[in-house]
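Fit chain Z to the given chain H structure using the hints.
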Amino acid sequence: MAVPLISTVVVGHEFGPYEVTIPAERANAYAKAVGGDESPDYGDSLAPIMVVAAALTELIEDLGLFSGGLQTIHAGQEASWARPVKIGEKVDAIGRLAANSVRRGNHFATVSVSYKDSTGSEIGTSSTTIIVSGEDS
Amino acid sequence: MTTSNSQRNTGDILTGFERQITQDRVHAYAEASGDHNPIHLNEEYASTTQFGTRIAHGMLSLALVTEMLASEFPSTWHDGGKLKVRFSAPVFSGEIVTTYGEITAINEEDGQLIATCTIGCKTADGTDVVVGRATVRLE
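Taken in order, these protein sequences are the chains called H and Z. Using the numbering used here, the final residue of the first sequence is 180, and nothing's skipped along the way. Using the numbering used here, the final residue of the second sequence is 145, and nothing's skipped along the way.
A portion of the hints provided could be inaccurate.
What the hints assert, rightly or not - Under 10 Å between C-beta atoms, here's a sample of chain Z residues computed to sit facing chain H:
no. : residue
1   : S39
2   : G64
3   : L70
4   : P80
5   : D85
Said to hold, decoys possible - Which chain Z residues stay away from chain H? Per the calculated CB distances, all over 10 Å, these:
no. : residue
6   : D30
7   : I45
8   : E49
9   : I102
10  : N113
11  : Q118
12  : A130
Unchecked claim - Counterexamples of contact, computed for chain H against chain Z with all Cβ distances above 10 Å:
no. : residue
13  : F58
14  : P60
15  : E101
16  : H117
17  : D135
18  : I137
19  : R139
20  : V145
21  : R146
22  : D160
No lab work stands behind these hints, which were simulated from the structure alone. Heads up, the beta-carbon is just placed ideally off N, CA and C, and yes, glycines get one too.
Looking at chain H on its own, in the form it has when it is part of the complex (with noise of 0.2 Å):
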């Protein structure tokens, strides 16, 4: 089995920057999931934490945690946001590693991460804690 990046990777590390554009395919697939009576009309606009899940699945990947044998589990989420982003708009999310021990054989790893628009403005931040179990080292 490959050696997943979260257990060389050291605080600092950059990942990205990740396009997330989210199309109206993948918005109406969330209306779908999460949708109900009572849900708020997003216009085009997107209901943001589902930009920090597609950023978060790029992450997930570039990190090894999608390697067989590992069990990875989301601890912690953080997320703000200054402005709605429109279905289609570009977004570009830059992560870096702002945590990673090892005890009792599990990874906690924190990574933080910026989401700007195309005109390199700050729109919103995110920081997720995960454990990361099942790595033979």
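For chain Z alone, kept in the frame of chain H given last:
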């Protein structure tokens, strides 16, 4: 019915809602997020994990909580809202969850009123699956 932000008070309860986390919803969320981890989608694989069966994405439960916040604060949640949560238990495919929240403080910051809310999501047996807090600007 949405309450005007100017009428908000400490102790106000946010209007939660129930949602059954069907496997169809989990599959739709996988399409939306791009997260096709088999622990969410493949029962054969999931049966070999510590959970023994498929679990929903934690972010799906959190998305429901943000739906509640967007409904409660439609003009400000997506424009300056913040949240911090921990995922305290898994949600299994088919379970019903309920979102909840309460305004615990209203403070003035830089000339704006900011509400702090406890937020969360729990299963039918009362197990918290998402627990945390959010801050949102009031008009």
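Outcome of the hint check:
About 4 Å separates the beta-carbon of Z:S39 from the nearest beta-carbon of chain H, less than 10 Å, and the hint is met. Annotation: interface hint on Z:G64 holds; nearest CB of chain H at approximately 4 Å, less than 10 Å. Given hint, Z:L70 at the interface with chain H, holds; its Cβ is 6 Å from that chain's nearest Cβ, closer than 10 Å. Because the beta carbon of Z:P80 sits about 6 Å from the nearest beta carbon in chain H, less than 10 Å, this interface hint is met.
Using the Cβ-Cβ criterion of 10 Å, the hint placing Z:D85 at the interface with chain H is satisfied: the shortest such distance is roughly 6 Å. Some Cβ of chain H comes within 10 Å of the Cβ of Z:D30; the nearest lies about 8 Å off, and the non-interface call is violated. Under the 10 Å C-beta cut-off, the non-interface status given to Z:I45 relative to chain H is violated; the minimum distance is some 8 Å. For Z:E49, the condition that its CB be more than 10 Å from all CB atoms of chain H holds, with the nearest at approximately 16 Å.
The claim that Z:I102 is not at the interface with chain H holds, since no C-beta of that chain comes within 10 Å of its own (minimum 12 Å). Non-interface status of Z:N113 relative to chain H is upheld: no Cβ of that chain comes within 10 Å, the nearest being about 17 Å off. A cut-off of 10 Å between C-beta atoms confirms that Z:Q118 is not in contact with chain H; the least separation is 14 Å. Distance check for Z:A130 against chain H: the nearest CB is about 16 Å away, which clears 10 Å, and the non-interface claim stands.
Against chain Z, the non-interface label of H:F58 holds: every CB pair exceeds 10 Å, the least being about 15 Å. At roughly 16 Å from the closest C-beta of chain Z, the C-beta of H:P60 stays outside 10 Å, upholding its exclusion from the interface. Distance to chain Z contradicts H:E101 as a non-interface residue, since its nearest Cβ pair spans about 8 Å, not more than 10 Å. A cut-off of 10 Å between C-beta atoms contradicts the statement that H:H117 is not in contact with chain Z; the least separation is 4 Å.
Residue placement check: H:D135 keeps its beta carbon more than 10 Å from all beta carbons of chain Z (closest about 16 Å). Remark: the non-interface label on H:I137 is consistent with the geometry, its nearest Cβ contact in chain Z lying 18 Å away (cut-off 10 Å). Against the 10 Å criterion, H:R139 stays outside the reach of chain Z, whose nearest CB is about 18 Å from its own CB. Residue-level check passed: H:V145 sits 19 Å from the nearest beta carbon of chain Z, beyond 10 Å.
At roughly 17 Å from the closest C-beta of chain Z, the C-beta of H:R146 stays outside 10 Å, upholding its exclusion from the interface. Distance check for H:D160 against chain Z: the nearest CB is about 14 Å away, which clears 10 Å, and the non-interface claim stands.
Consistency with the previously given hints fails for numbers 6, 7, 15, 16, ordered from lowest to highest.
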